[in-house]
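Asks: Work the whole structure out from these sequences, hints included.
Protein chains in written order, with numbering that gives the first Met the number 0: chain A, 0 to 455; chain B, 0 to 455; chain C, 0 to 455; chain D, 0 to 455.
Bear in mind the hints are in silico, worked out from the structure with no lab data behind them.
Be aware that one or more of the hints could be misleading.
If chains are identical, the list can't say which one is meant, so a pair holds when it fits in one copy or spans any two.
To be verified - With a Cα cut of at most 25 Å, we get these calculated BS3-like pairs of lysine-lysine:
id: 1; residue 1: 425; residue 2: 372
id: 2; residue 1: 305; residue 2: 339
id: 3; residue 1: 339; residue 2: 168
id: 4; residue 1: 125; residue 2: 36
id: 5; residue 1: 319; residue 2: 19
id: 6; residue 1: 267; residue 2: 95
id: 7; residue 1: 185; residue 2: 168
Keep in mind the model is a prediction, meaning the values are calculated, not measured.
There are 4 protein chains.
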Amino acid sequence: MEDILARVVAPLPTYETRDKTPPPPESHSLDFMHFYKSLDKEDRPGLLAQLSRDFGVDHRGVSELAAKLQDSQLRDPATVLQVEDRLRYSLTPRYKQLLNHISRVEGGVKFLVDLRADLLETLASKSNESSHVKDLNGTLKSLLSEWFSVGLLRLERITWLSPCEILQKISQYEAVHPVRNWTDLKRRVGPYRRCYAFTHAAMPGEPLVVLHVALTEDISDNIQSIVREVATLDSEEDVNKINAAVFYSISSTQAGLQGVDLGNYLIKRVVRELQSEFPHMAQFSSLSPIPGFSSWLQGLLSQYRKEGRGSDLLSEQEWKEVEQATDSSPGTQTVDALRKLIGTSEWTRSERLSGVLEPVLMRLCAWYLYGEKRRGYALNPVANFHLQNGATMWRLNWRADTSPRGVANSCGIMVNYRYFLKETPKNSSVYLQNKSIMASDQVLGLVSQYQKNSKL
Amino acid sequence: MEDILARVVAPLPTYETRDKTPPPPESHSLDFMHFYKSLDKEDRPGLLAQLSRDFGVDHRGVSELAAKLQDSQLRDPATVLQVEDRLRYSLTPRYKQLLNHISRVEGGVKFLVDLRADLLETLASKSNESSHVKDLNGTLKSLLSEWFSVGLLRLERITWLSPCEILQKISQYEAVHPVRNWTDLKRRVGPYRRCYAFTHAAMPGEPLVVLHVALTEDISDNIQSIVREVATLDSEEDVNKINAAVFYSISSTQAGLQGVDLGNYLIKRVVRELQSEFPHMAQFSSLSPIPGFSSWLQGLLSQYRKEGRGSDLLSEQEWKEVEQATDSSPGTQTVDALRKLIGTSEWTRSERLSGVLEPVLMRLCAWYLYGEKRRGYALNPVANFHLQNGATMWRLNWRADTSPRGVANSCGIMVNYRYFLKETPKNSSVYLQNKSIMASDQVLGLVSQYQKNSKL
Amino acid sequence: MEDILARVVAPLPTYETRDKTPPPPESHSLDFMHFYKSLDKEDRPGLLAQLSRDFGVDHRGVSELAAKLQDSQLRDPATVLQVEDRLRYSLTPRYKQLLNHISRVEGGVKFLVDLRADLLETLASKSNESSHVKDLNGTLKSLLSEWFSVGLLRLERITWLSPCEILQKISQYEAVHPVRNWTDLKRRVGPYRRCYAFTHAAMPGEPLVVLHVALTEDISDNIQSIVREVATLDSEEDVNKINAAVFYSISSTQAGLQGVDLGNYLIKRVVRELQSEFPHMAQFSSLSPIPGFSSWLQGLLSQYRKEGRGSDLLSEQEWKEVEQATDSSPGTQTVDALRKLIGTSEWTRSERLSGVLEPVLMRLCAWYLYGEKRRGYALNPVANFHLQNGATMWRLNWRADTSPRGVANSCGIMVNYRYFLKETPKNSSVYLQNKSIMASDQVLGLVSQYQKNSKL
Amino acid sequence: MEDILARVVAPLPTYETRDKTPPPPESHSLDFMHFYKSLDKEDRPGLLAQLSRDFGVDHRGVSELAAKLQDSQLRDPATVLQVEDRLRYSLTPRYKQLLNHISRVEGGVKFLVDLRADLLETLASKSNESSHVKDLNGTLKSLLSEWFSVGLLRLERITWLSPCEILQKISQYEAVHPVRNWTDLKRRVGPYRRCYAFTHAAMPGEPLVVLHVALTEDISDNIQSIVREVATLDSEEDVNKINAAVFYSISSTQAGLQGVDLGNYLIKRVVRELQSEFPHMAQFSSLSPIPGFSSWLQGLLSQYRKEGRGSDLLSEQEWKEVEQATDSSPGTQTVDALRKLIGTSEWTRSERLSGVLEPVLMRLCAWYLYGEKRRGYALNPVANFHLQNGATMWRLNWRADTSPRGVANSCGIMVNYRYFLKETPKNSSVYLQNKSIMASDQVLGLVSQYQKNSKL
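Replies: This is the structure we're talking about:
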């Protein structure tokens with residue numbers, strides 16, 4: 000193992016000869032790729048650790064130049080720039096060249112994307128020595144960011160006339176609302192639907208991020224009407240019935256491109272595309288799932304039960320109704336009954352239970368999305384994504400996803416993040432810099448109900 | 000002017016928020032591009048100087064981190080890595096972000112390529128403050144190197160069925176052996192010829208580097224047979240007559256991509272392409288011009304005349320023949336006669352003169368190519384290019400380019416740099432690292448004749 | 000209804016003005032198409048009958064010219080030619096013009112193909128007045144033959160990269176060995192398989208006739224190894240393992256193109272294609288089903304039972320074995336037992352029964368294919384197709400299609416029609432003209448066993 | 000020669016076996032094509048004569064069936080239809096099959112198009128035996144009409160991005176206003192211009208008929224502004240400046256497709272294309288040359304001079320002016336002077352002469368276009384083409400083509416045939432059936448001036 004690394008990871012040329020050094024033979028890159036792929040999954044972290052540790056930056060050289068820079072502060076600006084440039088160069092990890100050369104080999108870029116997926120997995124498992132591996136990850140991420148810069152991406156519209164290979168992948172990658180069969184897939188690329196993907200010249204036939212759009216009369220308040228409705232597959236689109244574009248699914252397909260911002264750009268490009276196809280279209284919105292709401296809620300109930308603060312969540316009247324509806328005795332038992340209730344989907348089949356729970360769950364969900372934070376940003380990752388893009392938290396929708404999955408994840412609630420095009424840049428800045436969330440009156444109303452109740 | 004820069008060049012986010020900062024609105028990039036293009040040619044260097052000077056690296060920040068790194072030497076490796084990463088980040092010039100954002104705009108990459116052409120022009124004119132501009136150039140070059148990495152380039156074969164737009168550009172860009180008309184052009188993409196180009200997704204329809212190849216029975220020893228011969232335009236290629244691939248012209252089209260190695264990769268890709276089309280092909284060679292030989296020779300003669308060392312260049316017998324052939328008296332006057340003679344192309348029309356000059360010029364030319372150096376590498380840029388690629392200086396050819404241009408530039412001599420595929424990687428390393436040139440017996444023989452004569 | 004016909008079917012211009020008559024407005028064609036498509040299925044034959052009867056040939060005009068031709072026999076050849084040309088023109092049915100104009104409208108050709116399918120259905124149901132309808136059918140068929148002439152067809156290779164729309168159709172049209180799911184489909188266009196189709200410019204995206212080919216080491220003797228085998232979907236083809244091309248399915252997709260010879264040409268084109276891809280390939284053969292064998296056999300047994308001639312079919316020894324194997328008493332009852340036996344697929348699961356039946360069924364099947372005729376040509380339509388193309392009846396294969404369908408249709412037997420390329424033209428002529436079938440020794444041997452047994 | 004025909008032209012199968020006869024081997028077609036192409040130009044008519052004479056219709060068979068038809072009149076309709084069908088079949092010339100088979104071979108359709116060009120040349124030279132050759136021509140024309148039916152043609156827009164091969168052909172085929180160089184060509188496919196062609200699947204890369212369109216503010220009254228104007232080649236089209244589409248050149252490229260109506264359909268398709276690109280465009284017109292006007296005029300003057308009826312052409316006042324302008328004496332001499340004058344282009348450079356001639360030439364030209372007929376239709380072929388298409392003779396334009404060619408052919412006059420889309424079908428019928436020409440007031444006014452003058 001050491002043999003191969005020592006052989007294929009060339010030493011960094013000196014600063015003076017850096018433009019005069021020929022690239023190593025392509026076979027070095029191929030050898031490394033072959034060796035890496037031949038390793039068992041569990042042996043790869045070891046190799047990556049070694050690569051990052053033994054073939055990284057020459058710390059001594061950096062240190063010397065840093066010292067020199069201190070001296071040079073006294074001298075002329077040109078010298079400062081010169082030393083800075085040398086310092087910058089000396090901060091290049093030796094393995095960066097290997098990554099660069101691999102990218103030039105056929106299939107090399109895809110290899111590096113997959114290698115980064117391995118890296119991220121390793122980092123997630125928090126093994127030791129992770130600071131070198133973290134550096135390797137940072138270096139690779141910044142290279143990938145250059146290669147997957149938006150100027151190099153190609154927007155493709157996927158239709159039923161696209162190659163089967165692509166459509167099959169679109170189907171496999173759809174994580175939000177799984178595709179059930181080919182008829183289902185055909186509908187998702189058929190009339191009143193648009194499916195767009197970014198692809199990249201170095202990874203042909205591989206959609207990197209996929210956006211599904213429904214063209215509707217009004218902003219949809221449930222997903223059934225989009226993915227279940229028996230749309231006439233062969234009908235012609237009636238432009239007069241198209242007023243809104245609803246982004247109902249966005250999926251990144253490459254784990255190794257985490258942190259390389261593609262989804263944001265894809266939404267912007269698609270908006271431009273749609274505006275040129277439908278000049279009068281004025282409503283753009285997501286219809287988004289709320290992963291994590293149910294488990295957050297279970298946790299909350301469990302905690303309040305322990306703390307005996309149930310009344311901070313539901314009003315007395317509401318508890319009473321739950322009691323009656325669940326045939327439970329008051330107090331702790333009712334909290335348990337409630338927890339059990341929302342642990343299955345049975346309540347959705349009862350008009351009465353559903354009626355009792357709607358105000359409660361909507362209020363709690365609004366708070367979950369708007370009020371729960373991580374490092375100051377929205378805890379819910381989907382919310383965070385759209386808020387970063389400059390969207391407004393616009394509408395919570397009851398009974399919006401009645402699939403087992405939808406009920407299990409978010410009690411069937413979904414949310415629209417709406418894109419008011421003129422305001423997205425400002426919203427995005429405000430969110431990212433001030434961490435403050437733009438929300439509609441409906442959302443704010445629910446949030447304030449929650450706060451009133453829980454005396455926040 | 001300051002206004003616009005201050006507005007569009009965002010400050011570098013802090014290290015902590017670097018992944019949390021939204022990109023500026025696209026309009027910033029567009030504004031800058033528009034403003035820059037609207038400037039008069041002579042006002043651009045000023046803007047570039049200002050951009051590079053006032054929106055570069057935060058030297059104080061760098062210095063502080065460099066100091067910190069000194070301290071941190073005592074501490075654990077993880078901290079060292081951390082500080083190095085911060086230092087690396089702090090060495091990012093503020094304008095780098097602008098360049099990055101411009102690259103994402105439609106037409107942005109082409110804009111930056113052209114901007115770099117301006118930068119190189121400014122640097123060539125050696126105006127003051129060039130150290131900042133040099134830094135800007137270095138930053139842009141390294142970005143372009145990533146974007147124009149070979150993995151992102153597409154090899155296109157150009158034929159008579161290619162779009163007229165591309166063929167017109169191929170014609171315009173051909174600097175080595177100018178295309179005279181469309182019939183000429185048609186021949187250069189017709190049977191027994193191949194024309195390849197690299198293109199890039201971000202600059203569609205724009206060939207970046209173009210390679211012309213002739214498919215011949217033997218390695219060609221003159222250019223007339225390639226670009227003048229009345230090849231039957233509509234004939235079918237006879238595979239049995241194709242034993243050699245002669246690269247007779249390679250042109251880079253984008254001044255702004257100077258230093259971004261494309262030609263080398265293009266030759267390698269084309270060799271692979273040709274090998275797959277003609278599995279039995281075994282001979283690969285350039286047929287290259289020798290720009291600068293004539294003027295070097297004139298300079299040499301002028302100098303030797305001054306120094307009275309004419310006999311170091313030609314033997315007594317040779318001088319006598321020149322005397323007779325030019326009707327001049329011996330000594331200084333003969334040198335002048337010789338200079339005058341090779342200053343026009345008349346001698347080429349005389350069998351006798353030609354016969355007298357052949358051994359002399361071939362010998363001197365071999366020396367020019369093999370012996371004349373700049374910083375240890377071949378002075379002649381074409382030689383330097385092919386030697387870097389790992390080619391062998393294989394054969395000097397007399398009367399190889401009898402066009403006025405050919406006679407004026409290199410006394411009609413051309414040279415084959417031959418690619419022995421198995422040896423090119425090794426040759427390339429040896430040349431770049433040891434500066435030693437691989438040459439054939441013919442070339443070495445001529446060189447040693449020269450040396451014997453001039454008592455070197 | 001009469002209204003529309005009278006309006007859209009223009010009268011035939013006079014012979015003199017035939018080149019001077021402007022085409023009717025396109026709207027006439029569109030009106031007819033619209034009207035026809037709006038008719039209920041059962042009303043269409045009426046319209047077609049009326050069109051063919053009332054807008055056909057002007058019999059009086061024809062008759063007059065025929066009479067004139069009789070006179071003209073006396074006169075000069077130029078006059079004869081002239082009258083013949085007038086006669087030929089006068090034999091043009093008036094509706095032919097309508098068909099011609101429809102073909103020029105977008106979607107018109109496809110409309111006519113579908114209309115012909117209706118015509119063929121009408122004719123098959125043998126309603127009265129069919130002689131006019133038959134004429135209409137003949138006229139339309141000859142027009143379609145021109146439009147679908149091979150020079151106008153495009154060979155497309157279908158792969159997993161082809162549009163989903165096409166692949167879905169390929170799947171739907173596959174009548175011989177139905178496609179079970181998309182993985183199955185993917186395999187049929189994957190490694191070691193080829194799928195080709197003819198398409199036509201006037202019916203884009205519509206495969207007209209589809210040929211499935213397996214690339215194998217030897218000519219396959221069963222279909223399971225082709226459509227069921229768990230081939231590694233992503234394996235690379237090993238050219239050294241490809242010696243034979245087995246045409247295992249050919250399907251015409253357009254009922255309306257019956258009698259327009261496409262399959263024959265497709266096989267020839269594909270052979271050419273394969274020869275250029277695999278220059279050394281020497282074996283070309285079908286692996287074909289034998290539809291109709293089982294029902295023919297049941298009929299035969301039933302008849303022989305009635306006539307008491309059972310011993311003409313099986314030898315005494317064979318009957319005895321059947322008796323034992325089926326636990327039946329001798330004579331009529333055994334015949335019944337045999338009929339019952341081959342009426343289900345149970346026997347295929349018994350080694351013993353299978354062993355008893357193999358020689359019997361193979362012999363009878365060989366006779367069915369070789370000896371049973373209709374108007375002198377092979378009764379079995381698949382046999383007739385390949386024999387017309389010049390193939391040789393090469394090998395009967397036992398247990399070649401063990402699917403329920405295969406056992407039900409042909410007792411699991413399949414046959415290879417082999418294409419010896421040098422002999423196909425001759426074989427084709429001999430079969431079509433002399434009605435004699437080229438067969439291998441295996442087939443002829445089985446046939447002669449049958450004949451010996453049945454004292455033919 | 001006879002050998003080859005006897006070998007490759009198969010006998011017509013009997014009526015009964017016509018669907019059972021295999022096509023001859025492809026080699027027959029290839030042999031014939033090869034043989035024909037190897038013949039010297041002058042030997043081809045002989046072959047065609049022999050083919051048409053010896054391999055035509057079986058006259059005896061036709062005659063017998065014609066007789067039978069007479070008998071059959073007595074019998075039932077089904078029998079009549081049957082005999083008619085046999086008669087129709089028997090009227091098939093034997094060589095028709097050869098033509099059909101050739102069309103299926105690669106390059107076969109193009110071969111037949113070229114063969115027909117030879118046929119037309121032979122017929123034009125009126126050699127004897129032409130009645131058989133005429134029949135062959137008629138048969139081939141009707142086959143070509145089927146193959147080049149509009150449903151099988153593809154409309155292609157030619158731009159600067161089209162393959163060079165096509166653009167070179169476009170340039171070569173442009174007969175109306177010759178293309179001077181590649182810049183000129185680039186302009187004709189650049190902004191404010193459209194160039195469309197019909198191509199056919201069986202003749203890839205070959206434009207069959209080409210239409211050049213200028214997009215203008217008003218219907219152009221001269222050709223200089225279209226083909227000479229220094230339009231900014233790289234300007235963007237301003238949709239607001241596009242109100243009219245001017246068809247300024249239409250060229251058929253295949254002599255062998257004479258009589259196969261393509262130009263008419265191309266104009267209609269292009270109009271549809273332009274309407275979809277520019278929904279508000281309302282003006283469609285040609286700007287057409289008037290070939291033949293000058294020579295017609297010379298003939299007229301010569302005749303009137305002989306007949307001394309000069310005063311029927313010009314008024315006394317006009318003659319006087321010509322006299323003065325040409326310094327000639329009255330009478331015959333003035334007519335000669337006038338003839339000489341318009342025989343060169345000098346008069347166009349004199350304001351005065353030009354002024355004198357304008358009313359005279361415009362009047363005569365209007366009459367030439369409107370009044371001169373051949374078999375009742377417009378004598379001028381361009382007029383006849385557009386009038387057949389349903390255009391209106393809309394405006395004569397003075398000094399509309401000041402090129403030497405334009406002055407020589409039509410005294411610099413050009414004419415707009417305008418397409419009023421709603422009226423073209425009606426106009427077309429009226430012209431073709433009643434031979435009456437739709438013309439504007441300007442044209443009719445000029446015509447009536449002419450008539451008044453010449454006392455018609």
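Asks: For every hint, state whether the structure bears it out.
Replies: Here is what the structure says about each hint:
Only within a single protomer do residue 425 and residue 372 lie at most 25 Å apart by alpha-carbon distance; the minimum there is 21 Å, versus 59 Å between protomers. When the C-alpha separation of residue 305 and residue 339 is checked against a cutoff of 25 Å, the pair qualifies only within one copy, where the shortest distance is 16 Å, while the shortest distance between copies is 75 Å. Taking CA atoms no more than 25 Å apart as the test, residue 339 paired with residue 168 passes in neither setting, with 38 Å inside one copy and 49 Å between copies. For the identical chains of this complex, residue 125 and residue 36 are intra-copy neighbours only, at 23 Å inside a copy versus 50 Å across copies, given an alpha-carbon limit of 25 Å.
Proximity of residue 319 to residue 19 under the C-alpha cut-off of 25 Å is found in neither arrangement, the shortest distances being 81 Å within a copy and 45 Å between copies. With identical chains, the CA atoms of residue 267 and residue 95 are at most 25 Å apart between copies only, with a shortest distance of 23 Å across copies and 32 Å within one. Taking the shortest Cα distances, residue 185 and residue 168 sit within 25 Å of each other both inside one copy (13 Å) and across copies (13 Å).
Hint compliance for this structure: hints 3 and 5 are broken, all remaining hints hold.
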